[in-house]
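Visitor: Got chain F; can you put chain C on it based on the hints?
Taken in order, these protein sequences are the chains called F and C.
Residue numbers are given in the working numbering: position 82 of the first sequence equals residue 68, and the series is strictly consecutive.
Positions in the second sequence are counted from 1; adding 196 to them yields the working numbering.
Be aware that a few hints might be false.
Simulated pairs of lysine-lysine, DSSO-like, Cα-Cα distance not exceeding 30 Å [to be verified]:
#  : chain 1 : residue 1 : chain 2 : residue 2
1  : F       : 53        : C       : 343
2  : F       : 53        : C       : 288
3  : F       : 92        : C       : 198
4  : F       : 53        : C       : 380
5  : F       : 53        : C       : 433
6  : C       : 266       : C       : 224
7  : C       : 465       : F       : 18
8  : C       : 288       : F       : 92
9  : F       : 92        : C       : 454
10 : C       : 406       : F       : 18
11 : F       : 53        : C       : 465
12 : C       : 454       : F       : 23
13 : C       : 565       : F       : 53
14 : F       : 18        : C       : 454
15 : C       : 249       : F       : 53
16 : C       : 544       : F       : 53
17 : C       : 249       : C       : 465
18 : C       : 302       : F       : 92
19 : C       : 252       : C       : 548
20 : F       : 53        : C       : 406
21 : F       : 23        : C       : 406
22 : C       : 233       : F       : 53
23 : F       : 92        : C       : 233
24 : C       : 198       : C       : 224
Hints listed in this document are in silico derivations from the structure and should not be mistaken for laboratory results.
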Amino acid sequence: MNQINDRSRDIGAFVPAPDDDMIICRCEEITKGEIRKAVHDGMFTLTEIRRYLRTGMGLCQGQTCAKLVKGIVARELNISPAQLEPATSRVPMRPIEMHVLANEGKEDE
Amino acid sequence: MKRYDLIIVGAGPSGLSAAVEAAKRGLKTVVFDENEKPGGQLFKQIHKFFGSKEHKAKIRGFVIGEQLLKEADEAGVEVVLNATVIGLYQDKEVVVRIGEAVHHYKGDAVIIATGASENMVTFEGWTLPGVIGAGAAQTMMNLHGVKPGNKVLMLGSGNVGLVVSFQLLQCGCEVVALVDAAPKVGGYGVHAAKVARTGVPFYLSHTIVKAEGEECVTGVTIAEVDSHFRFIPGTEKHFDVDTICLAVGLSPMSQLLKMAGCEMEDNPKRGGQVPVCDEYGRTSLAGVFVAGDVSGIEEASSAMIEGRMAGIAAAEYLGYMDKEEMDRNLADLDQALDGLRQGMFAPKNRGKDIETTDEGIPVSKNLLKHGFVADEEIERFPGVTHAKGIHPVMECTQNIPCNPCQDACPKHCIRIGSNITALPAVEEGSECVGCGMCVASCSGQAIFLVDETYEEGYASITIPYEFLPLPVVGEKGDALGRDGSRVCEAQIIGVKSIPAFDKTNLLTMKVPAEYAMRARFYKKG
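So that you can see chain F by itself, here it is in the shape it has in the complex:
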């Protein structure tokens, strides 16, 4: 079994750090401390972190923070970032207004 999915793993207690109030996800204004705490709350995958905190769910869709969040979570779990599966990619790939998404274009031919 994938090691990072082992929920019984002891990652130690949350230790506050001086840069915990630094914003990581700018669109949703999520701080480094919130992300680190989320790992200690049991969110061991990027998909869970995203659902729990909404990191990468804002306007830029994680274009800026995805790699940063990955690094923070990996460090908290004491694993390499490459071991973390990226969050699911799904439609729409870019932010889009609901009225546009619901507006099916007419056939061109």
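Guide: Using the frame of chain F, we list chain C on its own:
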């Protein structure tokens, strides 16, 4: 649902190149791009490209972009702009937002050429207005004609950081420092040298501690880091700046491929999440191809070749050519791509410490640490010789794939040979006429014409100069050394700008003879 033989996502260098090859072979091809202009990053590249003739070397990036667009137009490629691909579904169904509606297209083959996005780093104050990506700075300057700031600190010494620093200088900004946490300059030495000689200090093994300011950036503090990238207390340095530019790498924008179900891998050597693919861009899904940075971060010249390969592979996949014809077509491209992937900066050499050039000459340590070749190191390179009268001095000290200087000289004074990564050498017995074609042809601005016996007690030095306003003949100023510090007084005795130089102006300055091998830049007094 509208059907195409081939749908390409991304109208950058690789996407357009793929489209050209496919359309030429009769595939009904469409390219979608979310931007309002095609060309991707090419139109932000105002410097001359490296490589050899087949890689369009010494042509400026945006001109290559114009050529590519013309080629695509002639081949009958349909390019749809302001068209955002929001999904790639099963059976190659591509969903595109165009205007206020969502359209569905079916491609018998799909090429994803979405490129990459810029990485960010965090430090105290990184979200302040004034902290921008190097790509953003390029977009502001070169697409929109907007100066990003007045005093800029650049973080990142890779080619992007170096090239953009130079562009910031050209745009009239003051670049106060070029900073990198790595112990060595990451990009081409020639790019570093042309920035260093203008007086920009390099701080390797340094990174940003914090950006200062309440509402926007007003300053920055950097500090030295140890081999574990931890700050060394007491090494802090402060700069007054209004802009901090980040050039800390790129990540492939590969989400569409992941969504489509391609087998993916996390490959740090290729920049992060990339699809598993073969050398011609075939992914694990039949008929889905990739090209360019999305499949691994490289640069525009190789992206264009990869694009052509993917276009040809897609044509074969759909039966527009047989395998034999494909192999024939790909062989030349293989060779071209291989040529670009040679030398010290080849993908296979990433992360390696290279001590000597292919010629066996120790590489300049000073270049890697401070961005310029030290005066005592320069004489050991084959392009640097002494002669009576005017002669070229080529300060090209690393094996990079580039050879325009060899063909530029009408007198065949410069020899690189068939291996394009070899260091240029002066052909013995050849006679330089001082035309300056080599100076203007060097994409790295590393060639100078030196006449050590120009006048009694004086030497003349011709330098490439891409700044405005141009100095005028007779004007006096300071000659700067490779490190950007003043070495002596200089008088401008020649300013040459002809169409063949393609906007690289040639300044000739007169300096006391003893500074002939030291003075390498001119600054108005």
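Visitor: Now look at each hint and say whether the structure bears it out.
Guide: Hints and how they fare:
1. Between the alpha carbons of residue 53 (chain F) and residue 343 (chain C) the distance comes to roughly 29 Å, so the proposed pair stays at or under 30 Å and holds.
2. For the suggested pair residue 53 (chain F) and residue 288 (chain C), the alpha carbons sit about 28 Å apart, so the restraint of at most 30 Å is met.
3. Of the pairs offered as hints, the one joining residue 92 (chain F) and residue 198 (chain C) holds, with about 10 Å between alpha carbons and a cut-off of 30 Å not exceeded.
4. Between residue 53 (chain F) and residue 380 (chain C) the CA atoms are separated by roughly 24 Å; this keeps the pair inside 30 Å, and the hint holds.
5. Restraint check for residue 53 (chain F) and residue 433 (chain C): satisfied, since their Cα atoms lie roughly 28 Å apart, inside the 30 Å limit.
6. A distance of roughly 17 Å separates the Cα atoms of residue 266 (chain C) and residue 224 (chain C); the hinted pair therefore holds under the 30 Å criterion.
7. Pair hint residue 465 (chain C) plus residue 18 (chain F) holds up; C-alpha atoms about 27 Å apart against a cutoff of 30 Å.
8. Between the alpha carbons of residue 288 (chain C) and residue 92 (chain F) the distance comes to roughly 20 Å, so the proposed pair stays at or under 30 Å and holds.
9. With a CA separation close to 28 Å, the supplied pair residue 92 (chain F) and residue 454 (chain C) stays within the 30 Å bound.
10. A C-alpha spacing of about 16 Å is found between residue 406 (chain C) and residue 18 (chain F), which places the hinted pair at or below 30 Å, so the restraint holds.
11. For the hint linking residue 53 (chain F) to residue 465 (chain C), the alpha-carbon distance of about 15 Å falls within 30 Å, and the restraint holds.
12. The hinted pair formed by residue 454 (chain C) and residue 23 (chain F) meets the criterion: a straight-line CA distance of about 28 Å does not exceed 30 Å.
13. Annotation: proposed proximity of residue 565 (chain C) to residue 53 (chain F) holds, straight-line Cα distance about 28 Å (limit 30 Å).
14. Restraint check for residue 18 (chain F) and residue 454 (chain C): satisfied, since their Cα atoms lie roughly 27 Å apart, inside the 30 Å limit.
15. A distance of roughly 38 Å separates the Cα atoms of residue 249 (chain C) and residue 53 (chain F); the hinted pair therefore is violated under the 30 Å criterion.
16. A threshold of 30 Å between alpha carbons decides the hint, and for residue 544 (chain C) with residue 53 (chain F) the separation of about 24 Å falls inside it, so the pair holds.
17. Taken as a hint, the residue 249 (chain C) and residue 465 (chain C) pair is honoured in the structure, with Cα atoms around 28 Å apart against an allowance of 30 Å.
18. With a CA separation close to 15 Å, the supplied pair residue 302 (chain C) and residue 92 (chain F) stays within the 30 Å bound.
19. Between residue 252 (chain C) and residue 548 (chain C) the alpha-carbon distance is near 28 Å, which keeps this suggested pair within the 30 Å criterion.
20. Among the hinted pairs, residue 53 (chain F) with residue 406 (chain C) is consistent with the structure: their alpha-carbon atoms are about 20 Å apart, no more than 30 Å.
21. Between residue 23 (chain F) and residue 406 (chain C) the CA atoms are separated by roughly 24 Å; this keeps the pair inside 30 Å, and the hint holds.
22. Between residue 233 (chain C) and residue 53 (chain F), the direct Cα distance comes to roughly 28 Å. Compliance with the 30 Å bound is thereby established for this hinted pair.
23. Taking the CA atoms of residue 92 (chain F) and residue 233 (chain C), the gap is near 25 Å; set against the 30 Å cutoff, the hint holds.
24. Of the supplied pair hints, the one linking residue 198 (chain C) and residue 224 (chain C) holds, its CA atoms being roughly 12 Å apart against a limit of 30 Å.
Checked against the numbered hints above, the structure violates only hint 15.
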